[in-house]
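S.K.: Sequence lines, in order, name chains A and B.
Letter by letter, the first sequence follows residues 0 to 366 of numbering that gives the first Met the number 0.
Letter by letter, the second sequence follows residues 0 to 648 of numbering that gives the first Met the number 0.
Bear in mind the hints are in silico, worked out from the structure with no lab data behind them.
Careful, some of the hints might be misleading.
Facing chain A, from chain B, some residues (calculated, C-beta under 8 Å) [what the hints assert, rightly or not]: (1) GLN267; (2) THR310; (3) ASN313; (4) SER486; (5) SER534; (6) SER535; (7) TYR537; (8) ASP538; (9) ILE546; (10) LYS580; (11) SER584; (12) PRO587; (13) TYR589; (14) GLN622; (15) ALA625; (16) ASN626.
Keeping only pairs whose Cα atoms sit at most 25 Å apart, straight-line, the calculated DMTMM-like set for lysine to aspartate or glutamate is [said to hold, decoys possible]: (17) B:LYS218 <-> A:GLU80; (18) B:LYS272 <-> A:GLU186; (19) B:LYS598 <-> B:GLU560; (20) B:LYS543 <-> A:ASP31; (21) B:LYS527 <-> A:ASP31; (22) A:LYS79 <-> B:ASP620; (23) B:LYS218 <-> A:ASP78; (24) B:LYS276 <-> B:ASP161; (25) B:LYS374 <-> B:ASP409; (26) B:LYS527 <-> A:GLU27; (27) B:LYS543 <-> A:GLU27; (28) A:LYS79 <-> A:ASP36; (29) B:LYS191 <-> B:GLU133; (30) B:LYS317 <-> B:GLU288; (31) B:LYS274 <-> A:GLU189; (32) B:LYS317 <-> A:GLU189; (33) B:LYS357 <-> A:GLU189; (34) B:LYS274 <-> B:ASP207; (35) B:LYS317 <-> A:ASP238; (36) B:LYS390 <-> B:ASP476; (37) B:LYS272 <-> A:GLU189; (38) B:LYS272 <-> B:ASP388; (39) B:LYS218 <-> A:GLU27; (40) A:LYS93 <-> A:ASP278.
Quantities reported herein were computed from a predicted structural model and do not represent experimental measurements.
For each residue, glycine too, the CB sits at the ideal point set by N, CA and C.
Read off the chains here:
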Amino acid sequence: MRKYFPLFGTFLFLSLIFFSCGKQAIREITVDPGSPDTIPTDYYQHGIFVINEGNYNWGNASISFVDYNTGAITQNVFDKENGRDLGDVAQCMKIFNGKGYIVVNNSNRIEVVDIKTFKSIKTITGFYSPRNISFINSSKAYVTNLQSNISILDLRSNEITGSIPVEGWTENQVLYDPYMFVTAIGEYREPSFRRNPMILVIDTRTDLIIDTIPTGKEPIGLIMDNQHKLWVLCSGGYDYFEAPSLIRIDPGNRKIEEVFTFSTTQTVPSRLSINTSGDTLYFLNGGIYQMPICERGIPIHPLVNANGRLFYGLSVHPSSGFIFVSDALDYVQNGMVYQYNTSGTLIRQFSVGRIPGSFCFTTDSLR
Amino acid sequence: MSKNNHFLLLIFVIQVICVPLGAGLSVNAQNLKDTLRLPEFEVKSGFISDNQGFKREKLDSVLLLKHLDADLSEILSRNSVIFIKSYGNGTLATPSFRGTTAQHTQVEWNGINLNSPMLGQMDLSQIPVSQFDEIEILYGAAGISRTGGAFGGVINLATNPDWNERIKVTLAQSLGSFDTYSTNFNLMAGNKNIQSRTKANFTSSLNDFLYYNDYLGTKVRQENASCLQTGITQEVFWKIKDKHIISGRLWYNYSDRNLPPTATDYGQGHIEKQKEKALRAVLEYKYVERKFNIMAKSCLVDQYMNYYLDTTINTTHKYCSWINRIRFSYLGIRNLTIKPGIDFTRDWVNSDSYDGIKTRNTTSILAEINYDIGKKIKTSLVIREDVIDDKFLPVIPALGLEYAPLYDVDWKLTINLARNYRYPTLNDLYWSLTGNPDLKPETNYSVEVGTWYHWLSGNRKFFIESSLTGYYSWIYDMITWQPIEGSNLWEPENIDEILARGLELGLNLKYDLWGFDLNWLTNYSFCKSTYEKASSEYDNKIGKQLIYVPVNNLNSTISVERWRFFLKYNFCYTSARYTGKDNLSMMPGYTLSNILAGKNISMRNFMLSLQVEINNLFNLDYQSVANRPMPGINYYFTVKLSFDNPFKK
Chain A
0 MRKYFPLFGT
10 FLFLSLIFFS
20 CGKQAIREIT
30 VDPGSPDTIP
40 TDYYQHGIFV
50 INEGNYNWGN
60 ASISFVDYNT
70 GAITQNVFDK
80 ENGRDLGDVA
90 QCMKIFNGKG
100 YIVVNNSNRI
110 EVVDIKTFKS
120 IKTITGFYSP
130 RNISFINSSK
140 AYVTNLQSNI
150 SILDLRSNEI
160 TGSIPVEGWT
170 ENQVLYDPYM
180 FVTAIGEYRE
190 PSFRRNPMIL
200 VIDTRTDLII
210 DTIPTGKEPI
220 GLIMDNQHKL
230 WVLCSGGYDY
240 FEAPSLIRID
250 PGNRKIEEVF
260 TFSTTQTVPS
270 RLSINTSGDT
280 LYFLNGGIYQ
290 MPICERGIPI
300 HPLVNANGRL
310 FYGLSVHPSS
320 GFIFVSDALD
330 YVQNGMVYQY
340 NTSGTLIRQF
350 SVGRIPGSFC
360 FTTDSLR
Chain B
0 MSKNNHFLLL
10 IFVIQVICVP
20 LGAGLSVNAQ
30 NLKDTLRLPE
40 FEVKSGFISD
50 NQGFKREKLD
60 SVLLLKHLDA
70 DLSEILSRNS
80 VIFIKSYGNG
90 TLATPSFRGT
100 TAQHTQVEWN
110 GINLNSPMLG
120 QMDLSQIPVS
130 QFDEIEILYG
140 AAGISRTGGA
150 FGGVINLATN
160 PDWNERIKVT
170 LAQSLGSFDT
180 YSTNFNLMAG
190 NKNIQSRTKA
200 NFTSSLNDFL
210 YYNDYLGTKV
220 RQENASCLQT
230 GITQEVFWKI
240 KDKHIISGRL
250 WYNYSDRNLP
260 PTATDYGQGH
270 IEKQKEKALR
280 AVLEYKYVER
290 KFNIMAKSCL
300 VDQYMNYYLD
310 TTINTTHKYC
320 SWINRIRFSY
330 LGIRNLTIKP
340 GIDFTRDWVN
350 SDSYDGIKTR
360 NTTSILAEIN
370 YDIGKKIKTS
380 LVIREDVIDD
390 KFLPVIPALG
400 LEYAPLYDVD
410 WKLTINLARN
420 YRYPTLNDLY
430 WSLTGNPDLK
440 PETNYSVEVG
450 TWYHWLSGNR
460 KFFIESSLTG
470 YYSWIYDMIT
480 WQPIEGSNLW
490 EPENIDEILA
500 RGLELGLNLK
510 YDLWGFDLNW
520 LTNYSFCKST
530 YEKASSEYDN
540 KIGKQLIYVP
550 VNNLNSTISV
560 ERWRFFLKYN
570 FCYTSARYTG
580 KDNLSMMPGY
590 TLSNILAGKN
600 ISMRNFMLSL
610 QVEINNLFNL
620 DYQSVANRPM
630 PGINYYFTVK
640 LSFDNPFKK
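Bound conformation, chain A alone (with noise of 0.2 Å):
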């Protein structure tokens, strides 16, 4: 029997191959294609951050930074700066006296980095599922939250200070000094029938709400032209509870002035951007849409169809012009950014990472 040793012995020296993988933590790794191996210094003052909101659940929010001058681009970058993750949806970013506040949806937080190094200052905590950050000084902004509350926030010490209570969902915000006008959807998990969507007015100085305007099933959109009129994107809601609308309102007498309803109940338009100017209206519907202020319905065609693609996120380069669009594929691969110019000509197609929902940009001139 002795000549049946050696299948045992091949047990133990299996055994000897596995424990020598050593002890390293298994966590979950990345292969960055065409990142730079070493980041310059200062490196993250000109260009353009996407935002990769990650699987909802998965931990996996990410920014890529491409850089201006070279046209480089970096993936992960908070990461690899602060070597820990973002977080778990990463909703938008924002820039602010030099630093980027990144706002992280499922994690209850928003990151504070500086802008130059992206380097952590602050990290902070205490929100409700937080949506979007709106300055009103250099020293008190709004957070809006899918939960419960408006987040007072103190630019100062970068803390919580108080909260307006709101019911439910509240989303993007315009500020028309001293008022800002957050779009108000109404309780999350409620059907759109039983939700009620308006604007709320903020008296900033007070933080009390001083008056609410009645709008079309999820208002999920929010700008303000060179008219000083705000328009208004509703989508109709999730369940196409509605057609969508695009509403303009007088900020002065908080008078709804005009609405055009879309055509079809069928379709959720989203991301509703304005260029520099302020005299042209984007959104997505499918493809990309584009709107003169002054236009007097929804335009009928797109000014780039998505042909196949999962148009996701949408902003326009504030000095460029150049529209930036984000394709999150089928949410569980890596997305694609394409640039448009304003003719819809495609300028340049990179690849970014898992599910770009926005985009922030620092403030000078694209090249």
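Chain A is already provided as a structure; the job is to place chain B on it using the hints.
M.R.: What follows is chain B alone, placed relative to chain A:
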């Protein structure tokens, strides 16, 4: 050298070839089972289809008895080629079998479907091992004799009556790390004609293990992870004149668990929890004769599930199933066995996520024909026709062939071919707003080739069993949930094409050396399962491995028994799992080791077992799913007291 030695040499060569492979990346080795100790009480009947040419194996009761406090996911991940994707102790654990998804693995309890008709899959963490006696694994097309749509295979959890005249009571108590307590009670009583079995279990855990949180850069205690699971099974078997067996089974299972946050969301106060209740009742009749068998069973399943997340989600799903099965076997013609059967299932679902109550009727007509050509060749043909509501699915055929070329050597070659269909789940069809009633069934074509060798030495001291199986399987029209263009909703569509091919290798050696019982059991699987069709021209997934399906998976157990002491060492290697369809992100591979040691002490009719189990022996800091922390080294102590009193005649 005898022929036997040639085979041994061959097996050895296979092992040696595998080893260097393992050294590099990942690697190696295979599957097996414990056929040596067949339960002495098994009622031989023709109902378990023989499926010549298909691959089946059993994990036996001896193994399960040592892990009464475990759940099915732990047992399978350590002792089979099935990969279990686990989100953490006591949380969601789903199987991936032969490179398919959890929906392609059917889990059954005594032939009754456990997969939810809504989601089409089963959470293996919710099945306590103590509630059944053996695990039967049917690979790929072998499952067609049980059900359609199980492209990966079928896992059947069986309980069997013991027709000895006796009373046996077992009480086991485990306590382990993270405030884990598990109590098991088992009562078996009866005689040659009537038997009763009662099994009850209760498990609770705080599950607050320490782990290194990369986001916070410090060690933290897992939060919101406690779980409770309890269940009771009552079975009664009644045998009349050795020809009729009437049995009734009732299984109630309750679980209440908190679902822990991802590592990046630690301390953010998420409240996420899930509560489940399930009642399953089966009435079965068997008529057994030399040439003719009948089996009829009827089963009711009633399930409740509630999911709560912060203030945003609070949904309840309730469903009922009425499952009926009738099987005949006719063994009256030489070399030929004919087994026709009919199944009827009705499902009712009342879910907050559907618009109203949805129902489904599934009728299956099937026939299995086993035919022996001479003494060396056995064939098996299974034909199945599923009718769902009023839709006839295409015919599901499976053909198997088994060839044993040598009379004096227990060596078999097998091949099988099959076509299979999986009908969409009720979620796919009826999910509010985005359910897609126009979905087609998924289609699968598969071929499998295998070899199996078995040898017991003349003095019965050495036993070897080895198997090597290769398969090649195409899935068309796979249902995938996709985001809808211009909306935040997702909808199911027949999008993906998957090609899964792989090798499974199994080796089981037993050696009685100077009174030491030595056993080495190894399972290895190599599985390349890739996306073969892009959903758009920008899609980057063609030829890439499916997410969370490891290419290599190996587990190996060596055990020694002597003087009623036992020592068992197990290790499992799982290679990298991709986390994106473009394969640009992944979880690295890892090896986990576990040790089980114990002693059985007999005193007249009593037996006391003491055992200690150490999991994650080398305290590896790992995650199986990205950002889902797993515990480091942990311990379980079990005390088991049995009383066995065979009634004196």
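S.K.: Does each hint hold? Answer for all of them.
M.R.: Consistency of the hints with the structure:
1. The interface hint given for B:GLN267 is met, as the beta carbon of that residue sits about 4 Å from the closest beta carbon of chain A, less than 8 Å.
2. For the restraint placing B:THR310 at the interface with chain A, the shortest Cβ-Cβ distance is roughly 5 Å, inside the 8 Å limit, so the hint holds.
3. A distance limit of 8 Å between C-beta atoms decides the matter here; for B:ASN313 the minimum to chain A is near 7 Å, and the interface restraint holds.
4. Taking 8 Å as the C-beta contact cut-off toward chain A, the hint placing B:SER486 at the interface holds, the least distance being around 4 Å.
5. Interface hint at B:SER534: satisfied, since its Cβ lies 6 Å from the closest Cβ of chain A, which is below the 8 Å cut-off.
6. Interface hint status for B:SER535: upheld, as the beta-carbon distance to the closest one in chain A is roughly 4 Å, under 8 Å.
7. Interface hint status for B:TYR537: upheld, as the beta-carbon distance to the closest one in chain A is roughly 6 Å, under 8 Å.
8. The restraint placing B:ASP538 at the interface with chain A holds, with a minimum CB-CB distance near 6 Å, inside the 8 Å limit.
9. Taking 8 Å as the C-beta cut-off, the interface hint given for B:ILE546 holds, the closest approach to chain A being about 6 Å.
10. Because the beta carbon of B:LYS580 sits about 4 Å from the nearest beta carbon in chain A, less than 8 Å, this interface hint is met.
11. Here the hint on B:SER584 is kept, as its CB sits about 4 Å from the closest CB of chain A, short of 8 Å.
12. A hinted interface residue such as B:PRO587 counts as satisfied when its beta carbon comes closer than 8 Å to some beta carbon of chain A; here the least separation is about 5 Å, so the hint holds.
13. With its C-beta approaching chain A no nearer than about 5 Å, B:TYR589 sits inside the 8 Å limit, and its interface hint holds.
14. The interface hint given for B:GLN622 holds, since its Cβ lies 6 Å from the closest Cβ of chain A, which is under the 8 Å cut-off.
15. For B:ALA625, the suggested interface contact is upheld, since its CB lies about 4 Å from the closest CB of chain A, less than 8 Å.
16. For B:ASN626, the interface hint holds, the least distance from its beta-carbon to any beta-carbon of chain A being 4 Å, beneath 8 Å.
17. For the suggested pair B:LYS218 and A:GLU80, the alpha carbons sit about 22 Å apart, so the restraint of at most 25 Å is met.
18. For the hint pairing B:LYS272 with A:GLU186, the CA-to-CA distance comes to about 20 Å; that is within 25 Å, so the pair holds.
19. Among the hinted pairs, B:LYS598 with B:GLU560 is consistent with the structure: their alpha-carbon atoms are about 9 Å apart, no more than 25 Å.
20. Only pairs whose Cα atoms come within 25 Å are accepted, and B:LYS543 paired with A:ASP31 is accepted, the gap being roughly 17 Å.
21. Between B:LYS527 and A:ASP31 the CA atoms are separated by roughly 24 Å; this keeps the pair inside 25 Å, and the hint holds.
22. Distance hint between A:LYS79 and B:ASP620 is fulfilled; the C-alpha atoms sit about 22 Å from each other, no more than 25 Å.
23. Between B:LYS218 and A:ASP78 the alpha-carbon distance is near 19 Å, which keeps this suggested pair within the 25 Å criterion.
24. Of the pairs offered as hints, the one joining B:LYS276 and B:ASP161 is violated, with about 29 Å between alpha carbons and a cut-off of 25 Å exceeded.
25. Straight-line distance between C-alpha atoms of B:LYS374 and B:ASP409 comes to about 13 Å, which keeps the hinted pair within the 25 Å bound.
26. Distance check on the hinted pair: B:LYS527 and A:GLU27 sit about 20 Å apart at the alpha-carbon level, within 25 Å; holds.
27. About 18 Å separates the Cα atoms of B:LYS543 and A:GLU27, which keeps this hinted pair within 25 Å; it holds.
28. Annotation: proposed proximity of A:LYS79 to A:ASP36 holds, straight-line Cα distance about 11 Å (limit 25 Å).
29. Pair hint B:LYS191 plus B:GLU133 holds up; C-alpha atoms about 22 Å apart against a cutoff of 25 Å.
30. Restraint check for B:LYS317 and B:GLU288: the C-alpha separation of about 41 Å exceeds 25 Å, so the hint is violated.
31. The hinted pair formed by B:LYS274 and A:GLU189 meets the criterion: a straight-line CA distance of about 22 Å does not exceed 25 Å.
32. Restraint check for B:LYS317 and A:GLU189: the C-alpha separation of about 20 Å stays at or below 25 Å, so the hint holds.
33. Proposed proximity of B:LYS357 and A:GLU189 is supported: the alpha carbons are some 22 Å apart, at most 25 Å.
34. A distance of roughly 19 Å separates the Cα atoms of B:LYS274 and B:ASP207; the hinted pair therefore holds under the 25 Å criterion.
35. A threshold of 25 Å between alpha carbons decides the hint, and for B:LYS317 with A:ASP238 the separation of about 23 Å falls inside it, so the pair holds.
36. Between B:LYS390 and B:ASP476, the direct Cα distance comes to roughly 17 Å. Compliance with the 25 Å bound is thereby established for this hinted pair.
37. At roughly 20 Å between alpha-carbon atoms, B:LYS272 and A:GLU189 fall within 25 Å of each other, so this suggested pair holds.
38. For a cut-off of 25 Å, the pair hint linking B:LYS272 to B:ASP388 is broken: about 34 Å separates their Cα positions.
39. Distance restraint check for B:LYS218 and A:GLU27: the Cα-Cα separation of roughly 18 Å lies within the 25 Å cut-off, and the hinted pair is therefore satisfied.
40. For the given pair, A:LYS93 sits about 22 Å from A:ASP278 by alpha-carbon distance, which is consistent with the 25 Å threshold.
Taken one by one, the earlier hints fail for this structure at numbers 24, 30 and 38, listed in ascending order.
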